[in-house]
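Line by line, the protein sequences are chains A and B.
For the first sequence, the numbering used here assigns the number 1 to the initial residue and increments by one for each residue that follows.
For the second sequence, the numbering used here assigns the number 297 to the initial residue and increments by one for each residue that follows.
Careful, some of the hints might be misleading.
[Stated by the list, open to error] Computed footprint of chain A on chain B, listed as stretches where at least three residues anywhere in the stretch have a Cβ under 8 Å from a Cβ of chain A:
no.	segment
1	315-321
2	901-910
3	998-1004
4	1007-1020
In case anyone wonders, no lab produced these hints; they're calculated from the structure.
Yeah, the Cβ is synthetic: ideal placement off N, Cα and C, and Gly gets one too.
Given next are the chains, with one letter for each unit.
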Amino acid sequence: MPIAHEFDYLKPASLEDAVAVLAKRGEGAQVLAGGTDVVALLRDGAIAPEVVVDIKGIAGLADIRLAGERLFIGPLVTFTDLIESELIRESFPLFYEMAVKVASKGIRNRATVVGNICSAVPSCDAGPVVLVYDAQVLILGPEGERAVHIDEWFTGPKKTDLQSGELVVGLEMPSSAQACGGSYVKLGRYRGEDLAQASVAVLVSPDYEYRVAFGAVGPVPVRAKKLEAAIKGEEPTEEMFAVARKFIARETSPITDIRATAEYRTHMLEVMLERGIRAAVARLNGDGPEYGTRHI
Amino acid sequence: MSKREIQDGPPERDRTAAVGAPVKRVDASDKVTGRAVYLDDMVMPGVLHAALVFPGCAHAVLRGVDASAARSMAGVRSVLTADDIPGENQVGVIDTDQPLLPFDRIRYEGDAVAVVVAETAVLAREAADAVSVDLTELPGVFDAVRAMEPDAPLVHESGNVFLHDKVRKGDVDAGFDAADIIVEREFRTHHQEHCYLEPLAALAVPADNGSMTVYGTMQCPFYVQKAVADVLGLPLASVRVIQTVTGGGFGGKEDVPSEICACAALAAWKTGSAVKLVYSREEDFLRSSKRHPMRVTFKLGAKRDGTFTAAKIRAVADGGAYTTLSPVVVFRAAAHATGPYEIPNVWTDVYGVYTNRQTAGAFRGFGQPQVIFANESVIDEVADAIGMDPVDIRLKNCLDVGKRTATNQLLTESVGLRETLELARELSGWDGKRAAQGGRGGEQPGRASDARDHIKRGIGVGSIYYGVSLGAKGLALDGSGAHINVYRDGSVRIGVGGTEMGQGLLTVLAQIAADSLGVPVGFVHVERADTSVVPDSGPSVASRTTLMTGNAVIDAARKLRTVMGEVAADSLGLDPSEIEFDGGTVGSAEKNVTFAELAEQCWVRNVSTAADGWYAAPESTFDENGQGDAYAVYSYATHVAEIEVDTETGRVTVVRITAAHDVGRVMNPVTLEGQIEGGVLQGIGMALYEQMKSKGGAVVTPDFSTYIIPTAMDTPAIRTVFVEDPYSKGPFGAKGIGETPAMPGAVAVANAVSNALGVRFHELPLTPERVRRAVSERKNS
Chain A
1 MPIAHEFDYL KPASLEDAVA VLAKRGEGAQ VLAGGTDVVA LLRDGAIAPE VVVDIKGIAG
61 LADIRLAGER LFIGPLVTFT DLIESELIRE SFPLFYEMAV KVASKGIRNR ATVVGNICSA
121 VPSCDAGPVV LVYDAQVLIL GPEGERAVHI DEWFTGPKKT DLQSGELVVG LEMPSSAQAC
181 GGSYVKLGRY RGEDLAQASV AVLVSPDYEY RVAFGAVGPV PVRAKKLEAA IKGEEPTEEM
241 FAVARKFIAR ETSPITDIRA TAEYRTHMLE VMLERGIRAA VARLNGDGPE YGTRHI
Chain B
297 MSKREIQDGP PERDRTAAVG APVKRVDASD KVTGRAVYLD DMVMPGVLHA ALVFPGCAHA
357 VLRGVDASAA RSMAGVRSVL TADDIPGENQ VGVIDTDQPL LPFDRIRYEG DAVAVVVAET
417 AVLAREAADA VSVDLTELPG VFDAVRAMEP DAPLVHESGN VFLHDKVRKG DVDAGFDAAD
477 IIVEREFRTH HQEHCYLEPL AALAVPADNG SMTVYGTMQC PFYVQKAVAD VLGLPLASVR
537 VIQTVTGGGF GGKEDVPSEI CACAALAAWK TGSAVKLVYS REEDFLRSSK RHPMRVTFKL
597 GAKRDGTFTA AKIRAVADGG AYTTLSPVVV FRAAAHATGP YEIPNVWTDV YGVYTNRQTA
657 GAFRGFGQPQ VIFANESVID EVADAIGMDP VDIRLKNCLD VGKRTATNQL LTESVGLRET
717 LELARELSGW DGKRAAQGGR GGEQPGRASD ARDHIKRGIG VGSIYYGVSL GAKGLALDGS
777 GAHINVYRDG SVRIGVGGTE MGQGLLTVLA QIAADSLGVP VGFVHVERAD TSVVPDSGPS
837 VASRTTLMTG NAVIDAARKL RTVMGEVAAD SLGLDPSEIE FDGGTVGSAE KNVTFAELAE
897 QCWVRNVSTA ADGWYAAPES TFDENGQGDA YAVYSYATHV AEIEVDTETG RVTVVRITAA
957 HDVGRVMNPV TLEGQIEGGV LQGIGMALYE QMKSKGGAVV TPDFSTYIIP TAMDTPAIRT
1017 VFVEDPYSKG PFGAKGIGET PAMPGAVAVA NAVSNALGVR FHELPLTPER VRRAVSERKN
1077 S
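Just chain A, same shape as in the assembly:
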């Protein structure tokens, strides 16, 4: 079926023009970047915007750059861009490990990282990774610029802190993560493109401070800070995993749906967390599996 709903299509050439349109049209405006979510939603009739604002005509939004102490990722950076970026591969390889597990090549060529967290489905692959990278979401709106910490970004299934009239203009995160080992473990039903039924991102610093985030096992992707505190400073041992496992139930609320049962998701979180921590620590110490490994 073609898209049944009629709408205006605008392709502004500058951020100022884009924000002006968004401010004017408010809730009736839908931003379009890669379109892999937006077009599907339009076709299904799940959204019915008055105007679609395509930001692909704005220069400079596809940058990946290291500026001082911060890594910047523009709103038009696709998953393929992440995979092909030497900077990402060398210094922020957890993004690489996540990106290669997203959907299929065709989707990765179009879908953007920022779009992924703006759609904010609980299973979004980028969610747990930007959480452990401690990202700031940079926003431009009628009132000017503001930044939201990623911990405050996800407010519910498909809901974010983004306000009507605002546009995400990038992600920024501390470059200190370069010294860390990381891992992204995604539970899918097969090797083909799939939504995460559960996901775990782990980042471990040289002094064994852990950041752990879960996806698809609650209304929003979530940092597991109590768990992190409980294993802080510990090397991976059976005892440490026993402690970590106890926190999984506190930090997650998996459900049963057509793709997996809550019981299996819960069981798999234990397996995924353990394997994720092992891989992250091994990578920190220079002898882990190559980034991009599936782990499960």
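Given the coordinates of chain A, assemble chain B onto it according to the supplied hints.
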């Protein structure tokens, strides 16, 4: 690779330049460049669009359809219900229990009660959603075993059990008495969806004098012609059906296209305009037929040396809401239920049962993969119990020339099963791997630091046989025609009712025609099926088209060689017996003309160079006890699967499949390999991933995000190997290949997982959750 030479010789000449060669598919360039025109690509000015109205329930009394709101919408041309059908409201291909548009009863969620015709597809959909349907919902029945109980809701007044095929051979009680070991288990398989690339689609165009032309994606244009003629009340001659380039079928486009084509034709008839109807993937999933879910109880007795003494099988097939092709599927399941083994005493009952679920019909393998899962699993359990290797126990009992099937059919030729087993064993490295890995449960998985400790490896086997073509219960459909026209420049056009659905038929028939006329394959053009110009070749199903239509092409070519050979003999001054057709020349080694020159000579002399060929299946029988020569010939195959299973996650990864197939004769090694690889993946899908789920009759896996099939990413290494044990009545010795690649793989994978884990599985698919549960239950026991 073991290749046997043809000893008896094919019925016709055995000079094969094209047959057996890796001839490039004749449709390859069009498909890879995008030039191929699929139904939805067809553009026609003024075409209207149709959409169907689904009431959204699985079982109900239909009281009325109120289309007034839809009719009043601008751009809506017509809304048609059962009352508008000028002919018979019936599309069932075997039984007449399936109305095109239900008028009194809704029997499953895919029943459509009205066809809306509008100026755009979007408008048609909107108008269809505006139609209100007055229903009284009835309790439904969604499980075939439950449907057999006396108090179950009735799907049709005639009762829910609509089929019962049986096989009674020998004395099954005595057979079990003579057994040293008996294993009895119950198995379950579920709905599997065909997932062809191109969803169902049709375009109907009213033509002169009240006739109707219908274009569509389909396997069987003559089925569609009959359905459209019945529904419109037209003679068959007034209905022309043209098969468009068809993006896959796998059985799903055998009878089901009759429904969509008849809906489009009805709409075109009513409006006087061309009407297009294209299903979305979700509509296709909802309305297309599925592989029958089956509950199979399998009991097998064997001597300590592995000799099978008796088998007793009870299988219940969920046919869904209508009969469709269930009679053929149930018959095939009954005839083949024991697997490709000689068993002296057999007692088989297979039931076909109505439920309020989606209709089950033809799907590659045609009822056999479900019973194969049972028989090939139980054989492994028996082998395990007596300490025998799974390949050895199969070799000990396997069918061979001089042995008898479950229907007591004496096999007289072309039984390559043993070779497939031996080749698969050798090429997979079975003996070494079976000894080294998996086996009797392996050690307990632990939370070890070595990341690979939780990986277990396994290797498993599955063997099958498949009665080629329709057999004793499909004889009326089992003729095949072909038309050959040689033009005056020597180019050749072939018309057949058989269809190209991606399997490579056009190419293989061109190869057969080329060698039968002694011309290069490039001389030959094979027409896509158009019922107004090609003869009825029977349905393109049941692995029958190369055999049946290939023989019809050979028959027509023989007639042409006689006629043209006489002209050649006359002009060359040779005796007709000296005339050879070979390599594009005709005559003897010394005196000859080119085929093109001969064609011109025939034209000048007013000698017709058109001929019709025909081939009818040999007699086959299946009596009330299921005894007889059920099929003329069988194809055989063995697959060996090598897998890894992660005991912590339950995930199974298929590493390698070795697929050995006895095809009689390889017509085209490249297209054959492609067919086998595709079938291997469908087998893996059935083993690991695929289950069309529904709740109260409502499909809850309506798309590819919820119903998953293996992708290129999930494809293992596949080694294919061919056994050529020729069939004397086959074209150049060939049998059939369409179905067999999809049949042994699922159980080979399941057997490999059992080998790795030491637990047996009785239900497919082996999802990670199911495997993980089995691992933890074993740990706890």
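**Message:** Hints numbered earlier in the text: which of these fail when held up against the supplied structure?
**Reply:** Hints 1, 2 not satisfied by this model.
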